[in-house]
Amino acid sequence: MMEAETAKILGEKFRAGDLSAKEITQAYLGRISKHDGKLNAFLQVFEKRSLKKAEELDRKRKGGRPLGKLAGIPIAIKDNILLKGEITTCGSKFLENYSSLYSATVCELLEKEDAILIGKTNLDEFAMGGSGTHSAYGPTKNPWDLSRTPGGSSSGSAACVAARLTPLSLGSDTGGSIRQPASFTGITGFKPSYGRVSRYGLVAFASSMDQIGPFSQDAEDAALVMEVLSGSCQKDATQIQSPPPNFLEKINEPIAGTKVGIPWDFMKELESSSRSHFEKTLEICKELGVEFIPIDLSVLKYGIALYYILATAEASANLARFDGVRYGKRSSRATTLDEIYDFSRQEGFGSEVKNRILLGTYILSSDHIDTYYVKAQKIRTLIIRKMREAFGQCDLIAMPVTPSVAFPLDQIGEDPLKEYLQDLYTVGVNIAGLPAISVPSGFNHEGLPMGLQIIGPQMHDSDVLRLAHHFQKATDFATKIPDGFGGEL
Amino acid sequence: MSDIPYEHWEPVIGLEIHVQLNTQTKMYTRSPNHFGDEPNVNIDPVDTGQPGTLPVLNAQAVRFAIQLGLAIGAEISPVSTFDRKSYFYPDTPRNYQITQFFQPILRGGRVTCDVGGKTRHFSIDRAHLEDDSGMLKHFTSFAGIDFNRAGVPLIEIVSTPTLHSPSDATAYAKTLRAIMQYLGIANCNMEEGGMRMDANVSVRKRGEKSLRPKIEIKNMNSFYNMELAIESAIRAQIEAYERCPHAPHEELIVQGTYRWNMGNRRLELLRMKENALDYRYFPEPDLPPLYVEQKQIEDLKKTLPELPHQRYRRYVEELNLPAESAGILVLEKFTADFFEEALAVAKNASSLASWITVEFAGRLKERGLTLKSSGLQAKHVGMLVKLIQDKTITGRIAKQVAGNMLEKPESDPVSIVQANPDYQPVQDTSVIEPIVDRILEENPQSIADYKAGRTKALAFLVGQIMKETRGKASPSVVNDLIQKKID
Chain L
434 MMEAETAKIL
444 GEKFRAGDLS
454 AKEITQAYLG
464 RISKHDGKLN
474 AFLQVFEKRS
484 LKKAEELDRK
494 RKGGRPLGKL
504 AGIPIAIKDN
514 ILLKGEITTC
524 GSKFLENYSS
534 LYSATVCELL
544 EKEDAILIGK
554 TNLDEFAMGG
564 SGTHSAYGPT
574 KNPWDLSRTP
584 GGSSSGSAAC
594 VAARLTPLSL
604 GSDTGGSIRQ
614 PASFTGITGF
624 KPSYGRVSRY
634 GLVAFASSMD
644 QIGPFSQDAE
654 DAALVMEVLS
664 GSCQKDATQI
674 QSPPPNFLEK
684 INEPIAGTKV
694 GIPWDFMKEL
704 ESSSRSHFEK
714 TLEICKELGV
724 EFIPIDLSVL
734 KYGIALYYIL
744 ATAEASANLA
754 RFDGVRYGKR
764 SSRATTLDEI
774 YDFSRQEGFG
784 SEVKNRILLG
794 TYILSSDHID
804 TYYVKAQKIR
814 TLIIRKMREA
824 FGQCDLIAMP
834 VTPSVAFPLD
844 QIGEDPLKEY
854 LQDLYTVGVN
864 IAGLPAISVP
874 SGFNHEGLPM
884 GLQIIGPQMH
894 DSDVLRLAHH
904 FQKATDFATK
914 IPDGFGGEL
Chain S
1237 MSDIPYEHWE
1247 PVIGLEIHVQ
1257 LNTQTKMYTR
1267 SPNHFGDEPN
1277 VNIDPVDTGQ
1287 PGTLPVLNAQ
1297 AVRFAIQLGL
1307 AIGAEISPVS
1317 TFDRKSYFYP
1327 DTPRNYQITQ
1337 FFQPILRGGR
1347 VTCDVGGKTR
1357 HFSIDRAHLE
1367 DDSGMLKHFT
1377 SFAGIDFNRA
1387 GVPLIEIVST
1397 PTLHSPSDAT
1407 AYAKTLRAIM
1417 QYLGIANCNM
1427 EEGGMRMDAN
1437 VSVRKRGEKS
1447 LRPKIEIKNM
1457 NSFYNMELAI
1467 ESAIRAQIEA
1477 YERCPHAPHE
1487 ELIVQGTYRW
1497 NMGNRRLELL
1507 RMKENALDYR
1517 YFPEPDLPPL
1527 YVEQKQIEDL
1537 KKTLPELPHQ
1547 RYRRYVEELN
1557 LPAESAGILV
1567 LEKFTADFFE
1577 EALAVAKNAS
1587 SLASWITVEF
1597 AGRLKERGLT
1607 LKSSGLQAKH
1617 VGMLVKLIQD
1627 KTITGRIAKQ
1637 VAGNMLEKPE
1647 SDPVSIVQAN
1657 PDYQPVQDTS
1667 VIEPIVDRIL
1677 EENPQSIADY
1687 KAGRTKALAF
1697 LVGQIMKETR
1707 GKASPSVVND
1717 LIQKKID
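Chains as they are written, first to last, in the numbering used here: chain L, 434 to 922; chain S, 1237 to 1723.
Keep in mind the hints are simulated off the structure, nothing from the lab. It is possible that some hints are incorrect.
What the hints assert, rightly or not - The following label-pair restraints were derived from C-beta to C-beta distances:
| # | chain 1 | residue 1 | chain 2 | residue 2 | range |
| --- | --- | --- | --- | --- | --- |
| 1 | L | Val807 | S | His1374 | 38 to 44 Å |
| 2 | S | Glu1534 | L | Leu815 | 35 to 41 Å |
| 3 | S | Asn1425 | L | Glu772 | 34 to 40 Å |
| 4 | L | Val807 | S | Asn1455 | 28 to 34 Å |
| 5 | S | Tyr1527 | L | Gly917 | 55 to 61 Å |
Unchecked claim - In the BS3-like style, the derived pairs of lysine-lysine whose C-alpha atoms are separated by at most 25 Å in a straight line are:
| # | chain 1 | residue 1 | chain 2 | residue 2 |
| --- | --- | --- | --- | --- |
| 6 | L | Lys808 | S | Lys1321 |
| 7 | L | Lys811 | S | Lys1321 |
| 8 | S | Lys1321 | L | Lys787 |
| 9 | S | Lys1687 | S | Lys1721 |
All C-beta atoms in this analysis are idealised placements derived from N, C-alpha and C, irrespective of residue type, glycine included.
For reference, chain L alone in the conformation it holds in the complex:
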C-alpha cells in the first residue's frame, strides 16, 4: 500500500525506478480528491504544479541527472508559509486573494531537493489556536474521529499526513502547534530548535518563538526533511549559522545510557489515565536502555501566562502590517484612512485574532508594560535558566504532549481559556527555544491517539530525533492508519 510507505521508502522506490514520480503524485492526488472532502485539510491542491514537477523528475531520473534528497516525495505546506505565485491565506479572510511575491526559504530548499509541493493546508487563522476551528475556511476534522478536532494550529498539515493524503507536510509551532496536532492525530511532529530553520517566508505570529517543522509518519522521515530544512539562509537574522548534522546518520547512533529527565512535580495535575499511559510509555523507553531521573521544572507552571503575554505582544505588532493599504482585504465601506484601517481589520480578522491583538496591545501599552511584558520577560529568562540547569543533569526530557486527547469540535468555544490550557506541556519549549518532538505513543480506551514528547537542549535536534527513532523501532504506533483511510493503493 503506497499510503503506508514512509517518505524514505517512496524516495528509494522512485530512485530505483520501481515507482515513477507521476505515479506517486497521481496516487496521492487521487487520495486527496477522494478523502479531503471529509477532512477539509487542504485549502488548495496544486494538481497542475505537482504533476508538472513529477514529470520533470521522471525525465531527470531517466536522464541520469542527480536527484535531490526528497525527489519524488509529495509534501503539503501549511498555508502560513509563502510559495511564490500561489495564494497564501493564513486561514484568514484578510488574505483571501493574496498572491505571494516570493517563496519562503523552506519552500525554496524543498524544491531544490526535488520535493513535490502538493498543496496548502488549513490552519487556525494566523496560527492562533489549538483546534483548527479558528480558520475562516471551516475547521479541519480529525481522521481518527471526524467529530473531533485534529488539534491546531497546524490542523490541516497534521490531518493530511494522518490520513496519508500525503506522506509529509510542513507545519509551524509557536506554543505547540506542531506537537499537539501530531499527538491528537497519531503522527510524528517535530519542532526544531529556535534558529535551526529559517523563518523567512513564515508569516510571523510570535517572532521569538515561531519555528517551521515537519509532520511525518516517523522520526526517520522527520530527519530526512530536517536535512533539507536546515539549510542556511541570509534573510533571517535569527537563524543560528551552524552547519546542520547529518540527521539520518545521527538518529541511528546508539541510545543506551541516555539520561532522560521527568518533571513529575510539574505533571501532578495530569489526569490518571493519561498518567498511567505515560508511565507505560516510559517502561518501553527503559527497555531501550534509557535511564530516567526526576527533575524539577515546576517553574513551567508560569508557562501559559507567560506565553499568552509575550506571544500576543509580539503578534500585535506582527499583525499591524495587515492594514488594507498595500495588500489583502480593503473594506469597500471605507472612505477615509482611519476607516481603511478600522473596517478592513474588522472585516478581515476573526475573533480569536482580534482577541489576541487587543490583548497584546494592552500588554505593551505604557501603563501596563512593566506589569505584564517586562515581568514576563524576566520569568522567561528564569525558565531558560531552569531548562539549562535541568539539562545539566540529563540529556533529554520527556513529558506528555497534551493533558487530554483530541476533544469534540462541538465542545470548543465554550471556554476559551480551556483551549489555552491545552498548551501546558508544550509552551515551555517555545519559551526556551528548544527542539521537541511528539511521537505516537498509543491509543486511549476510545481508540484516540496519544503522544510522547521528547525535548532536548538547544541545537540538540538530532538527539531528540534519535530517541524518537529508537522508540519507534521498538513500537508500531507510528504505522497505524485511521479506519476508512487505508487499504487502497
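For this one, chain L is given, so just place chain S on it according to the hints.
Chain S only, in chain L's frame:
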C-alpha cells in the same frame, strides 16, 4: 533675533537631527539606497512589509555609526539593541519602525563648532540607528505611496538641551553636517531630505536652574526656517511669561508637537502633549543584539580623516587665516576642498579665502547658486587671485572678471583678461608717466612721508594714480615709475 531680551531670559534648545546615511543599500534590506528614481523601483518584499519578511542589519550603516562616534568622542556601546516603535501610517510599511530606543549604539560625545570666530563645544546625549519611512504623494483624487525611501538608514543624533539661541542651533547643526560629510557617511542634502531637524524649545529666567515646559517643533529641513521657527517659539514663550508672571508655567505653554508653516511664518500645533502617541516600544525579536568589537573600533579609528575642527586649526595656525574665514570655509566640505585646490594655484591663502567667502559668496547668493552648482572651477578661482597677487590685474578689474567667470564657468580668468582690452592694464609708460609726474608734483608731502619711512604713503600715491587711470594702469609699471622718480 536682536529683539529677544537675552539678558533676562535664557532659551533652552535641544535638537534631534535625523540624517540619511550614505550606504549602498537600505538599513534592513539590500535594496538600493538611492534618491530620485522612479517611484517604487528600489524596493523588495521586506521594504513593503509583505507577510513573512524579516529585517537583516546593514553592516555598513553600523560602521558609519561607529565612525561618527569616533569623530564626536562618543562612547560606542559594546552591545546595543533594536526595538519596535509602533504607530499606524501609510508610509510605514510594517506599521512599526525598527529603531534603538532602550540601548542606542552611541552615548555622549560633543561637537566642536568654530563659528563666528569663536570655538565652542556642544554636547550630545545619544545617537542611534533606525530606518526612514516611505513618502506619501498627494494627487487630486488619491494619494500614492513611494517606498523607495522606506528603509533608508537613518542616524538620529540627540543633543543635550544646551543650545541657547537659534544661531547656536544652526552652528551645531552645520558642524554636525560638516563632520558627516568629511567622514563620507552622509551627504546631508537638505533639499533631498537628507537631514531633518526637530527642536525642543523652552525658555527660563536667566540664572534659573530648572527647566520650564517645552514644545517640540518637528521636521525642519532648512537652517533658515529652523532659526525662524525657534525664534518664534522663544518669543511666544517669553511673551506669555511676561504677560502672566505668576501663572503656573504648564498653564501658559501649550505643550505638544508643532510644525513651522513656512508660508504663514507661524508655528502650528499638530498634537497636544496629552494626546501624544504611545509607541509601545519593545525589543525587536527579529534582530539579535549588535555586538561591536574593540578591534573593529580600532581599525575604523585608523581610517578617520581630518575633521572640521582639525582643518580649522590647520587653516588658522598654518595658513594664518582669520578665524572667521577659516570657520566659514571648513563648514562645507566642498568649499574647503575647493579652497585647497585653488590654493595650489593662488598661493595667497588669506586673499583666496576672502575671495571665496566674501566676493564670490556674495555673487553666488545674488544668483541663487551654491559654489557647487555654479560650476566654477577651483583652479580658475586660484588663478584669479594669483593674477591679482602678480599685479597683472587690479583688484577692481578682478571683480569684473569674477562676474564673467560666473556667467561662463568653463572659461578661465587668463583667457577672459586676454580677450578683453578693458581688462588689460595699460603698460605703455609714455601714457602712464605723465600722470605719475603730475601726481608726484601734487603730493610733495606724501613723497616726504614715504622717504621718512611711511610705506602707506606709497600706497596712497599708487592709489591716486590708479584713480586717474580709472584702474587701468598696470600696478607693476606704476610702482616701478614711482620708485624710479622718487629715489
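The hints, checked one at a time:
Our hint of 38 to 44 Å for L/Val807 and S/His1374 holds, since their Cβ atoms are close to 41 Å apart. In this structure, S/Glu1534 and L/Leu815 meet the distance hint of 35 to 41 Å, their C-beta atoms being roughly 38 Å apart. The beta-carbon spacing between S/Asn1425 and L/Glu772, approximately 37 Å, falls within the hinted interval of 34 to 40 Å. In this structure the supplied range 28 to 34 Å holds for L/Val807 paired with S/Asn1455, their Cβ-Cβ distance being about 32 Å.
At roughly 56 Å, the beta-carbon separation of S/Tyr1527 and L/Gly917 lies within the given 55 to 61 Å, and the hint holds. Of the pairs offered as hints, the one joining L/Lys808 and S/Lys1321 holds, with about 20 Å between alpha carbons and a cut-off of 25 Å not exceeded. At roughly 21 Å between alpha-carbon atoms, L/Lys811 and S/Lys1321 fall within 25 Å of each other, so this suggested pair holds. Our distance criterion of 25 Å between C-alpha atoms is met by S/Lys1321 and L/Lys787, whose separation comes to about 20 Å.
Of the pairs offered as hints, the one joining S/Lys1687 and S/Lys1721 holds, with about 12 Å between alpha carbons and a cut-off of 25 Å not exceeded.
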